[in-house]
Amino acid sequence: MNRAEILDRVQNIFRDIFDDNDILITDETNATDIEDWESLEQINILVAIQKEFSIKFSIDDVEGLENVGQTIDLIEAKLS
Amino acid sequence: MNRAEILDRVQNIFRDIFDDNDILITDETNATDIEDWESLEQINILVAIQKEFSIKFSIDDVEGLENVGQTIDLIEAKLS
Amino acid sequence: MNRAEILDRVQNIFRDIFDDNDILITDETNATDIEDWESLEQINILVAIQKEFSIKFSIDDVEGLENVGQTIDLIEAKLS
Amino acid sequence: MNRAEILDRVQNIFRDIFDDNDILITDETNATDIEDWESLEQINILVAIQKEFSIKFSIDDVEGLENVGQTIDLIEAKLS
Amino acid sequence: MSIEEIMEKSDRNGVTLVVGADSDIGAKLIETISTDVIAHYYLSKEKAEATASNRDNLWSVYGDLSSVPGITEFIQGVVAIDRHISRIVHLPSSPAKPNRITKFDPNRYLREINIQVVSAAMILQAFLPAMVKDNFGRIAMVLTSYCIGVPPKYLSEYVSAKYALMGLMKSLAVEYAGKGITINAVAPSMTETNFLSTLPEFEIESTAKAHPMGRIATPEDIVGILGMLLKQDIEYMTGTIIPITGGTAFF
Amino acid sequence: MSIEEIMEKSDRNGVTLVVGADSDIGAKLIETISTDVIAHYYLSKEKAEATASNRDNLWSVYGDLSSVPGITEFIQGVVAIDRHISRIVHLPSSPAKPNRITKFDPNRYLREINIQVVSAAMILQAFLPAMVKDNFGRIAMVLTSYCIGVPPKYLSEYVSAKYALMGLMKSLAVEYAGKGITINAVAPSMTETNFLSTLPEFEIESTAKAHPMGRIATPEDIVGILGMLLKQDIEYMTGTIIPITGGTAFF
Amino acid sequence: MSIEEIMEKSDRNGVTLVVGADSDIGAKLIETISTDVIAHYYLSKEKAEATASNRDNLWSVYGDLSSVPGITEFIQGVVAIDRHISRIVHLPSSPAKPNRITKFDPNRYLREINIQVVSAAMILQAFLPAMVKDNFGRIAMVLTSYCIGVPPKYLSEYVSAKYALMGLMKSLAVEYAGKGITINAVAPSMTETNFLSTLPEFEIESTAKAHPMGRIATPEDIVGILGMLLKQDIEYMTGTIIPITGGTAFF
Amino acid sequence: MSIEEIMEKSDRNGVTLVVGADSDIGAKLIETISTDVIAHYYLSKEKAEATASNRDNLWSVYGDLSSVPGITEFIQGVVAIDRHISRIVHLPSSPAKPNRITKFDPNRYLREINIQVVSAAMILQAFLPAMVKDNFGRIAMVLTSYCIGVPPKYLSEYVSAKYALMGLMKSLAVEYAGKGITINAVAPSMTETNFLSTLPEFEIESTAKAHPMGRIATPEDIVGILGMLLKQDIEYMTGTIIPITGGTAFF
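Residue numbers (the working numbering), protein chains in the order written: chain Z, 64 to 143; chain W, 64 to 143; chain G, 64 to 143; chain V, 64 to 143; chain C, 57 to 307; chain B, 57 to 307; chain F, 57 to 307; chain D, 57 to 307.
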């Protein structure tokens, strides 16, 4: 799966979790860009990603993720 | 109202509060004679007596009542 | 020992406990007459009396003592 | 001041804080290498470094320092 | 605080929603609030209407909080008034009636949970988001001193419901800390209000007599503290419970 | 204690009722109890039947505690076994699922109140009178460390229900003090059980990593204390809550 | 309150004694008190004298509270001013300096006990009797949020001394309940004062950054509550501890 | 726990140091400990020597804990026995003697602080490092139910000292969490011991009469819980205070 496809699927996850179909995410998007993106949502996003890509994160994977780009890097790494 | 009548009415109150129609009370009857006769029941008895005889007790009236006899003395005093 | 002697000795106990040599007590004297006569002082008075007359009080003895008179009655009873 | 001199001065700070004149530190030395190197000692080390080199750290400077090497990089940066 | 912040906050009165204004504490509190008030009544519709006419900056809404539909309807009534609510005081409860656990009634208990806890949760669910947008809100709840230390005998239903409210209050204080919203509570001991009608006078007398201050609490004792908790500049206090007991119960 | 009392108490084992044996804590606890046990299951009927066959001094009863009729039916099932119950351990709860108050669901909350609190009240209402007659009883409940100090964010429904249970526990401890019955609770922090299935593993890892002991609690950590609370000679302790948190929360 | 009582109380300002005015909280507090103040300083005699000249209704007294003779001398100094003291605010403490118990110094600890606790006990011993005669007094003490729940690591001497003060406060609140005297305390979390000088700035930054409100407490946050505790009409609150922590610690 | 850990822990008895063995609780506790014990006495040297001869695995050390030199000398005495100490139970205190704050005596108070708190700090300072190396230790302290909620009147010196000890206990529990060392406490209400000699019998009777269980606590009630806190497998409980009050005081 290429990066664009991953970004697209992750975007759908964001739209679902924040009940907002207009959300557009980029590699730079981070918690300050989306209202309500707090610890709870971060966890829900990661859990949804685990399901969506049938991958599993460890604490070291998810600690210190700062933006969407890093999250997608992580997904790519897990998938490869 | 004579003492016997008062005792009779008070006995009905006891039977009602302790759900026990076999209760027989005398002047000597006290909290040790009836299981479950604790602070809560004592208050309920006094409240029921207030209603039954349309009298009103003060804290000094009810402090240190030790048995049915003293309670009936109190009722008589209030009624006279 | 006669009542007057007992009263006199008890008065000395009061004077000692309340650091006040002008205290004069009578049978009617009670906690409202002497400033600072609270639970702590009441206990100290009773303890001092036990020592002074080498007697021992039970809880039933000392519950509900209302004034000096009753206290002296109690001492007399214990001594007899 | 060159890196070696900095390392040497920092080593003295470590020896002082851990009361151990045999401590030898390298860039790789981290909290797991020295017993008792916990949050309290880390703060004391950083404070001593601030004094020693008359520099001042911000929270962003000191967050996530993982070993002596990174600490010395930080000092170098501050001094330059 | 920077001038900007002060300016930004200068117009932060908004409307105060008093849920459970039937209680003498609620009534006394409303007297002390000069700004706009929405008063909720649940004991009598008449009282609700009567009060409405007293004051031009007071709206009153009747609402039965003992069931979820009733709470929903009440919230719709408040929303219909269409004002920004910046402060909420939550007082509703049934009078505490002594009872043994052997007389426990699940439906009466669940009714009490609705009146006290579900109502608070649903009301805050409805009005907190606007407070968050405004970055300002003050919530005060009325618990009881029975939530502190050893509770009295025979009030398990009442005490359990108040504890549930206490747990909700603390959880929400944490959830909204840092959003300009404080959520606190008072825990009064027995207070001279219409709610005491369920207790015989000699019981109240005896409580007053046994109290070191020789009296039970008054609505004034409570309202003074509630007012403090609603103040704009009391912003660093949240999740706290203030005992108002004359020294008979504290943490 | 006089010889008479000792004699009188000498045969005080009776049956232990474990409500919520589905949880790993309940399962582990039952292993440690050699005397007669009635185990309640609410997640799976199968599990209930399976267990029943494991041990000849273990009865198992399935019961849905999420509604009053379900609780009533369960109690009838226990009564039908017709044994004197001298000890009750109360564990049922739903797994804590993080949620904002803006997603509060009154029915889900009331369901939780039934499972945790109404069940406890009705079960004790049913079995305390026999304990009183016997002048002996030991009740232990499982709360959570979230009931101590500052609760975590986003668990308001769960925390509020546990607080309600805490208030019930304390009230009944007082109501039954002096009748030979003790009612206590444990308050564990996050514990390795099947209930964690609702949390992502990395969350659990992160809690363990942040804990001074580098691990979350185990069922063994909890069962050791529960066992102590059920002991006959621990008779002067009631109304207490024992934090089992490795030092991360205490009173 | 009857008119008589109001009249009787109408002249109840008297002098406020602020013990430990060196701290920024004490200084800020004094600014807010327009009535007569006696300010105690222990860090610098100069500061004490300087302040004295600022205001005509302010007396200042230097006093070393770290030893019993020093405390005695200080009390004599206050007595010499010969004014009725109706309110006392107790703030003195050394800055909290992190240390392992393995570096425990009994003399430093006993010195801290003198500064914080023995000083409070001896000062109250000296001035409470006149308050009792007047049937009015307001005492407020400054504890710390470290007295609530789990304390931080490495502050055992400081925390233990504050606990000792907390125990004294509660005991005296009970001893003087019903004599017109209230004794309460605030428990602030880390506050922007000169006392932070012992901590590196990055530590303070990091505490502020980790706080849900993004800042530590300010003297204003504390003084607002202290002022409330000194009010004449706040008479039914005693023995309480008010957490001022922005939701990071509460009971 | 891995087999390795179990093996590693299998020989973890070591010596139990009982500080304040003069009290009936201490004496009763020692009876229940079959492994090696070092018993500290401070009331009578004779008693100390007498006990020593009773048991071959018991050492006894006399020590005056009321001053820093006395504590130092005592610690040297224990060190001289040259055994690894793995458990410490801390009981010393003077009998609580009722007194008004107006009779506060700073020297008597500081003496009590030494006996209870400075002794605990210095003893732990001396013996914790070896426990850390061994990655195992169990510390139990004896507080009082007066540390819970509203304290009694007229015991401010005693209550304040116990609070100081409580603050020390909690701080050290946090400082040593994760090093295999637990530090906990019990908080008993009035207990039948030689320490009651300072109270008149009618006072003790009246406390027993007023207690729901009709009796005050016994040393057995306390020792049972202390024993639990010393157990090796109770490792996830630290910083806790266990009320032993028969339901008259709890958190």
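Misleading hints may appear alongside valid ones.
[To be verified] Okay, derived cross-link-like pairs now, DSBU-like style, lysine-lysine, Cα gap no bigger than 35 Å in a straight line: (1) B:Lys101 with B:Lys84; (2) D:Lys103 with B:Lys84; (3) G:Lys114 with D:Lys189; (4) C:Lys189 with Z:Lys114.
Just so you know, these hints were derived from the structure itself, not from any lab.
Cross-check of the supplied hints:
no.	hint	verdict
1	B:Lys101 with B:Lys84	holds (19 Å)
2	D:Lys103 with B:Lys84	violated (46 Å)
3	G:Lys114 with D:Lys189	violated (56 Å)
4	C:Lys189 with Z:Lys114	holds (33 Å)
Against the hints set out earlier in the document, violations occur for numbers 2, 3.
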